[in-house]
Amino acid sequence: MGFDAKEDKKSLDVVQDFEEIIHALEYAVVAPNIPPKDKKTLERLLGQYRQALRLELKTRMKMIHEGKD
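Residue numbers for the sequence shown follow our numbering, so the first one is 3 and each next one is one higher.
A few of these clues could be false.
[Unchecked claim] Only pairs whose alpha carbons sit at most 25 Å apart, straight line, appear in this in silico BS3-like list of lysine-lysine:
1. Lys12 to Lys64
2. Lys11 to Lys41
3. Lys11 to Lys64
4. Lys12 to Lys42
The set of hints was computed from the structure by calculation and includes no laboratory data.
Computed from a prediction, not measured in an experiment: that's the story for all the values here.
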C-alpha cells in the first residue's frame, strides 16, 4: 500500500477541525453563566471529540507507518 498525499491532506484537515472544535468546547465549558445542564452536555461533547481525535490520530499514524513500509 502506497502513501497517498491526497488522503494524508484530508486526514490532516480532519485533525485540525477536531482541534478547533475541542478548543471551542474547552472555552465554552469554563465560560461564565453556563447552566449546569448545558455545562454537562458540553463536557460530554468535549470528551467525545477528544476520543474521536485520538482515533483519527491513531489511524493517521497507522497510515503513515504503512506508507513507509
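Worksheet item: Looking back at the numbered hints, which does the structure fail to meet, lowest number first?
Response: Hints 2, 4 not satisfied by this model.
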